[in-house]
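So the sequence lines, in the order shown, correspond to chains A and B.
Numbered according to our numbering, the first sequence spans residues 1 to 295.
Numbered according to our numbering, the second sequence spans residues 1 to 164.
Derived from the structure by calculation, the hints contain no laboratory data.
Careful, some of the hints might be misleading.
Unchecked claim - Some chain A residues flagged as far from chain B (calculated, every beta-carbon gap over 10 angstroms):
#1 Glu75
#2 Tyr94
#3 Arg170
#4 Glu244
Unchecked claim - Here are some chain A residues pointing at chain B (derived, C-beta under 8 angstroms):
#5 Ala11
#6 Ile49
#7 Ala53
#8 Pro128
All C-beta atoms, glycine included, are put in the ideal place defined by N, C-alpha and C.
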Amino acid sequence: MKALFVRRSGAGYLLTGLLLLSATTLALEVNTRLLEPLRVRLASLLIPIFVLAEAPYLAGGGLGDVVATREMLLERNAAQAEEILALSRMAQQYESLKSENDRLRALLGSRARVTSRVLVAELIGVTPHPETRQIIIDKGSEHGILPDAPVIDAHGLFGRVIEVGAYTSRVLLVTDASHAVPVQLNRTGVRSIAAGTGEPFLLELENVPITTDVREGDLVETSGLGGGFPSGFPVGRVVSVRIESTAAFAIVGVTPLAQLDRARHLLILLDAPPELPANGLPETQSASAPEGNTP
Amino acid sequence: MNPFRGGWLILFTLLCAMVLAILHLPETWPDWLGWLRPAWVALVLFYWVMELPDRVGLVAAWMTGLAVDVLQADPLGLNGALLAAITWFGWRFYERLRMYTWLQQGAVIAMLLIGTGTVHMVVLALIDGRGVGWHVLASPLMSFFAWPMVLLALHALRRRIPVS
Chain A
1 MKALFVRRSG
11 AGYLLTGLLL
21 LSATTLALEV
31 NTRLLEPLRV
41 RLASLLIPIF
51 VLAEAPYLAG
61 GGLGDVVATR
71 EMLLERNAAQ
81 AEEILALSRM
91 AQQYESLKSE
101 NDRLRALLGS
111 RARVTSRVLV
121 AELIGVTPHP
131 ETRQIIIDKG
141 SEHGILPDAP
151 VIDAHGLFGR
161 VIEVGAYTSR
171 VLLVTDASHA
181 VPVQLNRTGV
191 RSIAAGTGEP
201 FLLELENVPI
211 TTDVREGDLV
221 ETSGLGGGFP
231 SGFPVGRVVS
241 VRIESTAAFA
251 IVGVTPLAQL
261 DRARHLLILL
271 DAPPELPANG
281 LPETQSASAP
291 EGNTP
Chain B
1 MNPFRGGWLI
11 LFTLLCAMVL
21 AILHLPETWP
31 DWLGWLRPAW
41 VALVLFYWVM
51 ELPDRVGLVA
61 AWMTGLAVDV
71 LQADPLGLNG
81 ALLAAITWFG
91 WRFYERLRMY
101 TWLQQGAVIA
111 MLLIGTGTVH
121 MVVLALIDGR
131 GVGWHVLASP
141 LMSFFAWPMV
151 LLALHALRRR
161 IPVS
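Please model the complete structure; the sequences and the hints are all you need to start from.
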């Protein structure tokens with residue numbers, strides 16, 4: 001009986017020690033990135049669990065192909081042929097528009113837009129917590145993914161890579177409360193920041209003065225400011241503009257265009273966006289100012 | 001025939017609980033259903049520490065928590081502390097807990113989970129600025145109803161595969 005008693009008091013000390021250890025790791029996690037290698041190592045060990053949890057959906061997709069009827073396949077074929085037609089019509093003019101755009105940009109003295117290389121990745125895991133918007137993809141540093149790489153899907157900006165393992169990476173979605181991206185309105189060029197809210201389909205534009213011209217339906221795209229994301233990728237559409245007479249800023253809700261809940265195949269942009277000039281202004285403004293024009 | 005005195009079964013059930021913990025619902029289902037997920041890993045760990053207090057250590061519980069942290073994208077160490085606390089409680093009172101009916105056991109673990117869930121929520125609110133709300137009670141309540149299932153399933157497993 002005595003031995004048991006001794007062990008019991010020992011467990012209390014051990015628990016205290018573990019709680020202190022947890023407090024230490026938490027403090028390290030919040031303030032530094034020291035534990036990131038450990039997290040990446042653990043994540044690659046736990047890949048089978050992610051894959052198992054995702055297996056019903058992965059198998060569901062494969063099964064759907066097997067049991068699809070001839071009519072379904074024909075229907076899908078027809079729809080895709082139609083889509084290809086529409087897309088190739090748009091692509092016909094792309095080359096000429098691009099060269100024209102490059103020429104005009106050369107006239108303005110700014111660099112030509114670089115088209116970045118992309119990598120197709122498949123989703124293999126979803127973080128389950130209702131307020132954490134993160135996913136795991138099946139490509140990692142072995143495939144050339146760098147930390148902070150932007151991620152898009154067929155419709156718009158999806159998020160960014162926050163953690164790169166050897167064969168998997170973790171992507172933070174645009175709707176996560178800790179995600180924000182510099183944007184501009186396509187119609188007016190008004191700049192803002194689209195911050196995630198933690199809600200599944202809602203972003204909010206930050207610091208939009210109530211006098212700004214923002215309407216429902218406006219297209220929001222990345223502005224390329226800040227250097228994190230290349231410019232010109234669609235982010236979402238304005239769905240609500242609420243102006244309270246006592247507030248200085250309008251509350252602008254944006255719904256993301258990317259299919260955050262449905263997309264299984266994602267595109268990772270591999271090339272880092274071009275560095276901004278030292279003065280921090282976007283290249284179109286800083287580089288296009290003719291010399292000698294300054295007072 | 002029975003390597004590690006059946007310890008692999010404990011590990012296996014914990015891994016199954018982890019899969020259940022991150023198994024997500026179809027995209028078309030409403031988002032708030034995610035709050036109702038029982039704390040599978042804590043339930044399984046609690047079962048083992050109550051039945052075999054010598055086989056489940058605090059350090060092992062803490063390591064399990066580390067894995068849960070990575071799976072759920074929580075800051076490292078958070079779930080380790082919570083699971084270690086639950087394990088310590090189960091270990092300290094296992095004689096008493098074994099005498100309880102499943103209703104009483106479920107009530108005890110629900111209370112424990114309300115405590116740890118609140119700590120989890122407050123820590124994340126301090127770190128990430130997440131919201132604080134009554135939804136913290138949903139998962140412990142569902143865990144209360146999931147407890148008899150865990151109990152029956154693990155009892156049935158143990159009858160077939162002896163663990164000592």
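Structure-based check of each hint:
no.: 1; hint: Glu75; verdict: 21 angstroms, holds
no.: 2; hint: Tyr94; verdict: 32 angstroms, holds
no.: 3; hint: Arg170; verdict: 7 angstroms, violated
no.: 4; hint: Glu244; verdict: 21 angstroms, holds
no.: 5; hint: Ala11; verdict: 6 angstroms, holds
no.: 6; hint: Ile49; verdict: 5 angstroms, holds
no.: 7; hint: Ala53; verdict: 5 angstroms, holds
no.: 8; hint: Pro128; verdict: 5 angstroms, holds
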